[in-house]
Amino acid sequence: MDARRGSLPVPRVRQVGFFTPNAQPAPTRSQSGPPDSSSPPLPESPASNSLSPVMIPPPRHHSDNLAAAPRPTSPLPVPEPSPFRRRDAHAGADNNAPLVGSYNPTETLLAMSPPATRSPSGSHAGDGESEAAMSGGWFRRSNSAKLASSLPSGTFDFSSVQSTAEALKPTKVQNRVGVSEHLLNKTILAEASGRPAPKEQQPEAPSSSKQPKPKLSKAERRALQESQRAAKAATKASGGGKSVAASEEVATVKSVKQHQTQKKDAPHVAVSVAASERKGGDKSQEKERRKDAPAPRMQFDDKSRVDKAKRRSVVDQTEARNRVELFRHLPQYEHGTQLADLESKFLQLDPMHPAIYKVGLQYLAGDISGGNARCIAMLQAFQQVIQDYSTPPEKTLQRDLTAKISSYVSFFTQCRPLSMSMGNGIRFLKNRIAKLALSISESESKSSICSDIDRFINEKIVLADRVIVQHASNKVKDGDVLLVYGSSCVVEMILLHSHGLGKQFRVIVVDSRPKLEGKALLRRLVVKGVHCTYTHINAVSYVMHEATKVFLGASSVLSNGTVYSRVGTACVAMVAHAFRVPVIICCEAYKFHERVQLDSICSNELGDPDAIGKVPGRMDVNYLDDVSNSVNLQLLNLMYDATPADYVSMIVTDYGMIPPTSVPVIVREYRRDHLLI
Amino acid sequence: MPDVQALVNEFLNKLKKRKIEGSQATAKQTAELLRSVISQQRVPRTNQAGALIDAVRAIGEQLIVANPIELAVGNIVRRVLHIIREEDLSLTTAAVAELNLSTVSDDDDDGGGGDQDDRPVLSAAAVAAAARNTLRPPSLQMLLEGAPDFVAVPRSSSSGGDSEGKSKSMDRNSRTRKLKHDIIEAVNELIQDITTCHELIAEQAVEHIHQNEVILTLGSSKTVLEFLCAAKEKKRSFRVFVAEGAPRYQGHLLAKELVARGLQTTLITDSAVFAMISRVNMVIVGSHAVMANGGVIAPVGMNMVALAAQKHAVPFVVLAGSHKLCPLYPHNPEVLLNELRSPSELLDFGEFSDCLDFGSGDGSPLLHVVNPTFDYVPPKAVSLFITDTGGHNPSYMYRLIADYYSADDLVVQRRHAAGN
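Taken in sequence, the protein lines are chains R and S.
Heads up, the first sequence is in UniProt numbering, so the first residue is 1 and it goes up one at a time.
Heads up, the second sequence is in UniProt numbering, so the first residue is 1 and it goes up one at a time.
These aren't lab readings, by the way, just hints derived from the structure by calculation.
The beta-carbon is built from N, C-alpha and C at its ideal position, and this holds for glycine as well.
Careful, some of the hints might be misleading.
[As the list claims (entries may be wrong)] Computed list of chain R residues with no C-beta within reach of chain S, every gap over 12 angstroms:
hint, residue
1, 309
2, 331
3, 387
4, 406
5, 650
[Stated by the list, open to error] To give an idea of the interface, some chain S residues facing chain R are shown, with a C-beta separation under 8 angstroms as derived from the structure:
hint, residue
6, 42
7, 44
8, 246
9, 253
10, 259
11, 260
12, 264
13, 266
14, 282
15, 349
16, 350
Could you build the full structure based on these sequences and the hints that come with them?
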């Protein structure tokens, strides 16, 4: 279908939303040897995405971008990174100013992170301040296919798209490859770009980068040749030179051996795909897609597996006394006992890195909460781990580090079940590690991973939040009454940003027990001078009459459009729906997940049950003190719930404003992208 | 009647200060107060019923003004007025019947004094039924013959009025006493009804709760407690989810009671209602008042529960004693029939004083705290009402209400209405 569609004279202007560089050479479609389950294929070739499921950002952005176009192209996944960056460059460290107060307890975390993370991106992507000279050829070659996938996602801003398109117009395959690599250096490899490909004329050649080993350059050249050959074959076969990268295998080029098999494969695949219109590609994709389905979660009513997990676990958990029958499949442990125990183990625990340990304890104690904060904390802990890591003898970095990280992850899981955002972050990290070229040195791979993590945090969380704030604050009008629930950092940023813009609106903060997170949000809003109304969730029907819009955060958005969020979100959305008030979900796209869920029971997290029985600050409510040991009484502290998609009017993500039905599209089209960044 | 006035004032104070919690307690105390008012009220020779009605109405007005949100007060006032009217009517018709029966009935009167007590009660019921007939369509025979039977009733009563004037003073005296006596008897019965209504409701529990059911409830209600326990006593085993009903946390109280009676109880936060409702077979809740359109005034949060139940097609059952049936149709009930409680239940006093700048600004405070007491559940969200007379549809409530109140009493505050 792609060839057919590709051969149609599609006007280039139309390709704005999902720009599909169908001029991309086929050769890039190199079939890698062992398909990595953690590196799923891009299910659709970009050429089929000529229809945009997401809103094109307002023109303001692209004008911004045009103005800020000292660099030729910026196919970054975030629509308008450049204005921000410029601002960053100017504002320096306090660039966060209008958007502070987020990531609740971990403000420090973020406050620390942006300068650190921004430093690489502040400079032009692609000007290769490469502390890690990647094994250029391999890496790029294998990734040049992904460029095709990264481009549509990245090119949200009009100008950059067009410029990219122009850059891509030359039809000479060779040239194209050069361009793609050039782009790749900027987008994907950013600071890790190493040295430029031999044929491309990169204006700012890195000066500080180490000289690549000759062997690598050879490999690179070989790759280039090979891709050219494949491209030629493809062009010949499809006639129009429009054959599309069918199976954009993320080439996990790990060894020369693999490379050789691949080398054998690549032209063959290219031809066959071109000839049979990616039939074979489809098949392999199917396979990969199946592998891609999320693995079943641990079910805690499965005795044998629980026992097995227990033996390995570091955290000493005791089962709660009165477990809720309905939630046997979820871990129900005594809360508060593990913390002291773990603290005592702090010094004697050798396999665990102290940074991991610290973050784990923070999870356990609830010091870090919120999807973004938890994900950032985890990734930064991993960064420290990686910096302190040295490969044991007779082991490869990729395998050993992945195994290490898996063990850390299971430690985190014991401290508190992972959030979807963390899961995606881990997936990203593992994917990066798996894709490291074997040939580069340990220190190079380490720094490359660290900078990848930085980039993930920056682009997927920090910048994404800003884009969401930009989009969502457009929706705030004078005289609005915005209802928010609980405390979501991105919603808070939206409110403060809109307030900073001088918009006149009122906020209704709806809160619920037992966490009463709304109080903290209320305090931060009131300090900033926002007019607020505070109430509890039971009164939501009462206050919904006044509300004109409902802004809600989300822990995750599942691919059936279900919004998985703090418990009570569904109630608020339901009441808003009943009162015909639009519900706007604000969620970064990295939190999207391909899992589906219909109710809040099958997968959830249980909090401390004792928090239910006790009402802090209310001495008169102590009815349950004397019966809390009764077998008949169970206290259920559900942490999340699933809001059905019908209650959601719109989801604001870093890719724009989308209806909940478009979530699977984002997941499908851009998942690859965040593995890339 | 100074002592009555003192009682009334005391009760008014309690109402104003919201010292009386729960519609059942309020209803009972109102009925008791009105009973003493009636018993202390001197009645003139003629038009005793009218005098009683005026007295009750005067006090009822004050009571309703004292706590307009507590609809049970108004309900009971109207019920008592209705009782007075019905007793008067029944006595009048009885007198007429006696006259019509002439001497034979006189003999009966002399024969047994104990009979006298029984007969008016019976006749009261009969007359009430007759009065209700006016609402019903005429019988088929009547339609055929074209002879409106019910016209006879007013005619006979008017003739009775005539005959009343002619009758002896002795008879009149006894009738005065009898009217008051009957009314007080009926009010006693009403009080009895109020106190036992949850037993009557609980008797129906087994028809609605079966084995292994999962029931969700919110807040605390004695009726719900009795209802669930009645099913439990019938050896039904089921589990109950109790939403705690913040900010009053009455759910904790209910959970405690249920646990004490051996029911499997799970306490959840109110926010988890939507999450849990997909596994719930039935929602059984109490109410604060039931309006004539079938809408329910219920503890805050109930609308959320009702919507969630509606979404998941879970039956939403409301238990209501007959004293909760209010003959009024609600208008904007979320606001007009609601009461805002102290914000201290949500935020401690002074908790935000440090970040509120009272000195500056345009006078409007930056922070509002809303803490309503009630929620309005529209009739379409309710699957079933269970009252002491059985189960009813929301659409049927108006008819049920017509049995308990006479149309003349719907507006108690005449002066207010006129003033407005």
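Sort out which numbered hints this structure fails and list those numbers smallest first.
6, 7, 14, 15, 16
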